[in-house]
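Enquirer: Sequence:
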Amino acid sequence: MRANGCENVKDVFETYLQLEPVNRLSARRGDVGVIRINDEYVAGFICGSGFAVKQPHGLAFLSVTDIEQAYKVGL
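If you read the sequence shown in our numbering, its first letter stands for residue 1, the second for the next number, and so on.
Heads up, none of these hints are tricks.
Straight-line distance between alpha carbons at most 20 Å, and here's what the computed DMTMM-like set of lysine to aspartate or glutamate pairs gives: (1) Lys10 <-> Glu68; (2) Lys54 <-> Asp11; (3) Lys54 <-> Asp66; (4) Lys72 <-> Glu20.
Label pairs and their calculated CB-CB ranges: (5) Asp39 <-> Leu75: 29 to 37 Å; (6) Ala3 <-> Ser63: 29 to 37 Å; (7) Val64 <-> Ala3: 26 to 34 Å; (8) Ala3 <-> Ser26: 27 to 35 Å; (9) Ser63 <-> Gly5: 29 to 37 Å.
In short, the hints are calculated from the structure, not lab data. Here the structure is a predicted model, which means the values were calculated and not measured. Glycine included, every Cβ here is placed at the ideal spot set by N, Cα and C.
Let the hints inform the model, and build the full structure from the sequences given.
Expert: Right, here's the structure in full:
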């Protein structure tokens, strides 16, 4: 990640992968996004249960309104 000039996962989505930012409420199933947890960006994806992120205790499902920035994946 850092070898490609990215400081965090948000940079990876925006700079390295060049994903198109979308409104978090317009994000669809399969799109990805970032959320801040403990002052760090954490990546997740949109699914039928909300916004899924991996946490130390397992997979957590959060509300899409908690997403800081969403990105379109695919066409």
